[in-house]
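Generate coordinates for the entire structure from the input sequences, incorporating the hints supplied.
Number of protein chains: 2
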Amino acid sequence: MAETWATSGSGEPAETGVDLHLDLTGPRLREGLTDALRDAVRSKRLAPGTRLPSSRTLAADLGVARNTVANAYAELIAEGWLTAQQGSGTRVARRVEPRRAAPAALRPRLAGQRPTYSLLTGSPNLAQFPRKQWLAAARRALTAAPHEAFALGEAHGRIELRTALADYLARSRGVYADPERIVVSAGFHHALGLMAQALKARRVRTVAVESYGLDIYREQLSNAGLRIPPLYVDDHGARTGDLAGMPDVGAVLITPAHQFPTGHALPPARRAAVLDWARATGGLILEDDYDGEFRYDREPVGALQGLDPDRIAYFGTVSKSLAPGLRLAWMVLPDWLVPEIITAKGYLDWLSSATEQLTLAEFIASGDYDRHVRAMRLRYRRRRDELVAALSERAPAIKVTGLAAGLQVVLELPAGTERSVIEAAAARGLEISGITEFRYETADAGWRLPVKDALVINYAAPLDNAWAGALDILCDVLA
Amino acid sequence: MAETWATSGSGEPAETGVDLHLDLTGPRLREGLTDALRDAVRSKRLAPGTRLPSSRTLAADLGVARNTVANAYAELIAEGWLTAQQGSGTRVARRVEPRRAAPAALRPRLAGQRPTYSLLTGSPNLAQFPRKQWLAAARRALTAAPHEAFALGEAHGRIELRTALADYLARSRGVYADPERIVVSAGFHHALGLMAQALKARRVRTVAVESYGLDIYREQLSNAGLRIPPLYVDDHGARTGDLAGMPDVGAVLITPAHQFPTGHALPPARRAAVLDWARATGGLILEDDYDGEFRYDREPVGALQGLDPDRIAYFGTVSKSLAPGLRLAWMVLPDWLVPEIITAKGYLDWLSSATEQLTLAEFIASGDYDRHVRAMRLRYRRRRDELVAALSERAPAIKVTGLAAGLQVVLELPAGTERSVIEAAAARGLEISGITEFRYETADAGWRLPVKDALVINYAAPLDNAWAGALDILCDVLA
Numbered sequence: 001m002a003e004t005w006a007t008s009g010s011g012e013p014a015e016t017g018v019d020l021h022l023d024l025t026g027p028r029l030r031e032g033l034t035d036a037l038r039d040a041v042r043s044k045r046l047a048p049g050t051r052l053p054s055s056r057t058l059a060a061d062l063g064v065a066r067n068t069v070a071n072a073y074a075e076l077i078a079e080g081w082l083t084a085q086q087g088s089g090t091r092v093a094r095r096v097e098p099r100r101a102a103p104a105a106l107r108p109r110l111a112g113q114r115p116t117y118s119l120l121t122g123s124p125n126l127a128q129f130p131r132k133q134w135l136a137a138a139r140r141a142l143t144a145a146p147h148e149a150f151a152l153g154e155a156h157g158r159i160e161l162r163t164a165l166a167d168y169l170a171r172s173r174g175v176y177a178d179p180e181r182i183v184v185s186a187g188f189h190h191a192l193g194l195m196a197q198a199l200k201a202r203r204v205r206t207v208a209v210e211s212y213g214l215d216i217y218r219e220q221l222s223n224a225g226l227r228i229p230p231l232y233v234d235d236h237g238a239r240t241g242d243l244a245g246m247p248d249v250g251a252v253l254i255t256p257a258h259q260f261p262t263g264h265a266l267p268p269a270r271r272a273a274v275l276d277w278a279r280a281t282g283g284l285i286l287e288d289d290y291d292g293e294f295r296y297d298r299e300p301v302g303a304l305q306g307l308d309p310d311r312i313a314y315f316g317t318v319s320k321s322l323a324p325g326l327r328l329a330w331m332v333l334p335d336w337l338v339p340e341i342i343t344a345k346g347y348l349d350w351l352s353s354a355t356e357q358l359t360l361a362e363f364i365a366s367g368d369y370d371r372h373v374r375a376m377r378l379r380y381r382r383r384r385d386e387l388v389a390a391l392s393e394r395a396p397a398i399k400v401t402g403l404a405a406g407l408q409v410v411l412e413l414p415a416g417t418e419r420s421v422i423e424a425a426a427a428r429g430l431e432i433s434g435i436t437e438f439r440y441e442t443a444d445a446g447w448r449l450p451v452k453d454a455l456v457i458n459y460a461a462p463l464d465n466a467w468a469g470a471l472d473i474l475c476d477v478l479a
Numbered sequence: 001m002a003e004t005w006a007t008s009g010s011g012e013p014a015e016t017g018v019d020l021h022l023d024l025t026g027p028r029l030r031e032g033l034t035d036a037l038r039d040a041v042r043s044k045r046l047a048p049g050t051r052l053p054s055s056r057t058l059a060a061d062l063g064v065a066r067n068t069v070a071n072a073y074a075e076l077i078a079e080g081w082l083t084a085q086q087g088s089g090t091r092v093a094r095r096v097e098p099r100r101a102a103p104a105a106l107r108p109r110l111a112g113q114r115p116t117y118s119l120l121t122g123s124p125n126l127a128q129f130p131r132k133q134w135l136a137a138a139r140r141a142l143t144a145a146p147h148e149a150f151a152l153g154e155a156h157g158r159i160e161l162r163t164a165l166a167d168y169l170a171r172s173r174g175v176y177a178d179p180e181r182i183v184v185s186a187g188f189h190h191a192l193g194l195m196a197q198a199l200k201a202r203r204v205r206t207v208a209v210e211s212y213g214l215d216i217y218r219e220q221l222s223n224a225g226l227r228i229p230p231l232y233v234d235d236h237g238a239r240t241g242d243l244a245g246m247p248d249v250g251a252v253l254i255t256p257a258h259q260f261p262t263g264h265a266l267p268p269a270r271r272a273a274v275l276d277w278a279r280a281t282g283g284l285i286l287e288d289d290y291d292g293e294f295r296y297d298r299e300p301v302g303a304l305q306g307l308d309p310d311r312i313a314y315f316g317t318v319s320k321s322l323a324p325g326l327r328l329a330w331m332v333l334p335d336w337l338v339p340e341i342i343t344a345k346g347y348l349d350w351l352s353s354a355t356e357q358l359t360l361a362e363f364i365a366s367g368d369y370d371r372h373v374r375a376m377r378l379r380y381r382r383r384r385d386e387l388v389a390a391l392s393e394r395a396p397a398i399k400v401t402g403l404a405a406g407l408q409v410v411l412e413l414p415a416g417t418e419r420s421v422i423e424a425a426a427a428r429g430l431e432i433s434g435i436t437e438f439r440y441e442t443a444d445a446g447w448r449l450p451v452k453d454a455l456v457i458n459y460a461a462p463l464d465n466a467w468a469g470a471l472d473i474l475c476d477v478l479a
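Quick note, the sequences are listed as chains A and B, same order. Residue numbers for the first sequence follow my numbering, so the first one is 1 and each next one is one higher. Residue numbers for the second sequence follow my numbering, so the first one is 1 and each next one is one higher.
These are computed hints drawn from the structure, not numbers from a lab. Do not rely on the hints blindly, as some may be mistaken.
[To be verified] Lysine-lysine pairs mimicking DSS-like chemistry, simulated, CA-CA at most 27 Å apart:
{"no.": "1", "chain 1": "A", "residue 1": "Lys132", "chain 2": "B", "residue 2": "Lys132"}
{"no.": "2", "chain 1": "B", "residue 1": "Lys200", "chain 2": "A", "residue 2": "Lys200"}
{"no.": "3", "chain 1": "B", "residue 1": "Lys452", "chain 2": "B", "residue 2": "Lys399"}
{"no.": "4", "chain 1": "A", "residue 1": "Lys452", "chain 2": "A", "residue 2": "Lys399"}
Here it is, written out as structure tokens:
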């Protein structure tokens with residue numbers, strides 16, 4: 001970096017004598033001069049109204065070509081930092097607001113704000129994200145992609161991804177999937193938002209939701225202006241037979257493969273009941289298959305959707321199978337619903353990265369996705385077994401349910417102890433969720449959920465180095 | 001693939017004699033059997049109500065372990081394909097809707113539906129997407145990323161990207177950028193949607209827009225319930241001085257670096273005027289810097305935002321500099337506006353892929369972004385010069401404006417000829433836009449834009465093998 005003192009004044013009226021201490025940096029001199037002048041104005045070393053030396057003078061002082069200075073002045077005049085009037089020369093604009101320079105960088109927000117351990121629901125094990133295979137898939141996909149792959153693409157999502165998903169979902173989840181029925185979205189939340197718009201457009205006013213579930217999705221539906229009466233969830237999952245008695249329900253959001261968070265697979269009779277309801281009323285079933293791949297004691301229960309693809313909208317995502325950060329999810333829709341969802345998507349809106357979609361398509365088509373899911377199934381099963389073993393040894397009174405599948409289990413607690421257990425864990429630096437935060441009931445439902453104290457424990461997410469510690473604290477507070 | 005005829009009947013009541021022609025495929029036998037049974041039901045070879053052979057019988061017929069059959073039955077019962085009642089054995093569920101199997105794949109929608117050539121606006125040259133460098137950046141970024149990078153992340157966008165952008169924008173666009181002021185979005189359209197929500201939340205009802213621009217953004221603002229009076233655009237850009245005379249305008253959307261599509265840089269006096277308006281009224285300036293990097297005859301005009309970062313929301317994107325398919329854009333906001341935009345984003349909503357954000361952060365930090373922009377600047381400049389040379393030789397009557405920057409130029413036409421020229425080009429297989437489609441005026445504006453016939457020609461987008469042909473047709477229809 002060359003530093004230069006430019007003292008103009010010689011040959012200029014007195015009031016204009018101005019010392020410019022300019023740091024000439026950067027590869028190209030003109031840019032260096034422009035930046036230096038901009039900084040001098042920003043930092044108020046050059047006050048608003050100050051007259052600058054003529055380009056000839058400054059050029060001479062700096063030992064640069066006059067054109068260099070003239071161009072720098074011209075640029076700053078064009079940008080509004082400087083002004084030039086006939087006769088009064090070049091001055092610092094009076095409008096510039098001086099301000100500190102922006103900080104070079106920032107420490108990440110998340111740092112250090114977290115408790116030491118967390119068993120909160122929602123995340124898979126991020127340490128297991130298959131970086132190598134994902135990058136290899138990206139390389140194959142982007143190398144082979146046609147140029148138009150980098151364009152906006154189509155609202156449905158890349159055809160490569162929809163084709164790969166159609167095959168995978170038919171094979172692994174028993175989904176009746178046709179690329180034309182698939183719409184890619186930036187996560188389940190996004191897909192549900194599109195569905196809410198589409199339902200409202202076809203005058204659906206009421207969507208039944210399970211009496212245990214995530215409040216953010218309930219909020220999303222009610223913020224969209226939909227009524228959301230609760231569907232009673234007991235120890236066998238959602239009581240779908242009740243739908244027949246619920247007036248003007250136009251759609252129902254359920255988690256048949258693995259009720260969230262209670263963890264039960266919807267029994268055959270209740271699967272039949274919800275199909276009967278859909279056929280009798282023309283209602284739409286919203287099947288949230290958020291973690292259907294993860295079942296440990298037998299083959300995963302196939303999706304409900306295959307039984308009646310024209311009455312069921314199937315929702316899937318990579319948020320549990322790979323990583324939520326990818327923001328990739330999909331809907332498999334009845335034919336008639338596809339155009340309505342696309343309309344809800346709107347022009348340019350909501351699209352997921354084309355390169356990311358191509359990478360996932362390749363990742364699935366190559367078999368890496370199946371291999372990853374199988375590997376995670378083993379790993380999560382081991383975690384689950386360690387959890388069960390530790391509890392049976394150190395807290396044998398605790399009943400564990402929802403073991404068969406997914407990333408979490410439910411630990412039943414003595415009545416009235418949920419809150420104190422959560423607080424005890426927090427005091428030890430362990431974040432855990434109580435089942436009460438997932439509970440949903442309304443006065444007009446005509447029933448009340450039995451009081452249930454329990455924890456919902458995500459045993460999948462903790463990093464290996466944190467798992468033992470988290471488990472130890474959990475056992476302590478439950479002992 | 002092993003084929004087996006399973007003829008049950010022996011030892012079973014007559015009505016249950018059923019031939020199962022099962023194709024046992026797939027690596028794992030049980031899955032093969034489950035799929036084969038599911039297909040038999042789907043394809044109606046097994047009609048609803050049909051009683052299936054006992055697991056013992058079928059196992060014997062197929063020469064597999066009884067458990068294999070029992071497990072397959074159990075799985076299909078759990079999924080609802082089969083039913084089991086005490087005494088009546090296992091039957092095909094009456095609810096199953098038989099349907100054709102889903103097609104294996106689909107030809108891409110886009111194929112063959114396009115005219116041969118296009119000079120439509122909106123896209124950079126996709127053949128130039130730096131695949132190698134992008135993949136290399138992805139490798140470095142994903143290899144180095146912390147595990148939490150694969151989590152949902154924060155609504156603002158990854159800190160790595162916001163830090164890289166802050167440095168780049170300050171350096172290359174004169175933006176006063178601080179990572180804390182930056183919010184990442186999935187494209188400009190998405191960012192503008194968030195801004196519309198935030199403006200409405202603070203009771204802004206009116207946003208002035210340029211009288212030439214893209215209708216989709218005007219629609220987006222008015223669909224959000226905002227009034228959008230036009231701001232007159234003449235041959236020097238937007239007449240920002242008029243804002244003082246426009247009642248209750250709370251914000252103005254402008255393209256100061258390069259008016260779209262007319263192609264002018266906003267002159268210093270008009271830059272000053274819009275700042276004066278903002279300061280006098282407390283109004284917000286929405287600066288759309290969609291292609292500010294591309295200026296050919298001198299240094300790019302710096303962003304307006306640097307002059308008053310607390311009254312200007314700056315919008316940038318990679319859609320012109322890299323590829324629209326990446327769906328990555330950003331806002332640099334006044335401090336006070338950041339929380340309001342984050343509120344508009346809502347929980348989980350709108351997030352861009354974390355891996356894509358990390359890749360762009362690395363791509364920028366490594367200097368690849370600067371190199372790519374410089375290389376494209378040269379390439380586009382050459383294209384522009386070829387266009388101008390060809391026109392001056394073959395259609396010398398045509399006046400070319402908006403040459404200094406961006407990816408397109410305006411070709412002025414004799415009055416009343418715009419439509420016929422576009423149709424003549426279309427007849428030759430060349431898509432082009434007339435300036436009329438970008439025109440916006442309202443009755444209550446108190447003025448009418450002078451009638452202007454012109455073409456807006458994107459010379460950047462055509463692939464090399466299509467450029468000469470497109471240019472040739474263009475010259476023909478203009479000659």
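Are B/Lys200 and A/Lys200 close enough, with their CA atoms no more than 27 Å apart? 22 Å, holds
A/Lys132 and B/Lys132: Cα distance at most 27 Å? 17 Å, holds
Given the hint that A/Lys452 pairs with A/Lys399, test it: the Cα-Cα distance must not exceed 27 Å. 13 Å, holds
For the pair supplied as a hint, B/Lys452 and B/Lys399, confirm whether the alpha-carbon distance does not exceed 27 Å. Holds, because 12 Å separates the two Cα atoms, which is no more than 27 Å.
Against the hints set out earlier in the document, no violation occurs for any number.
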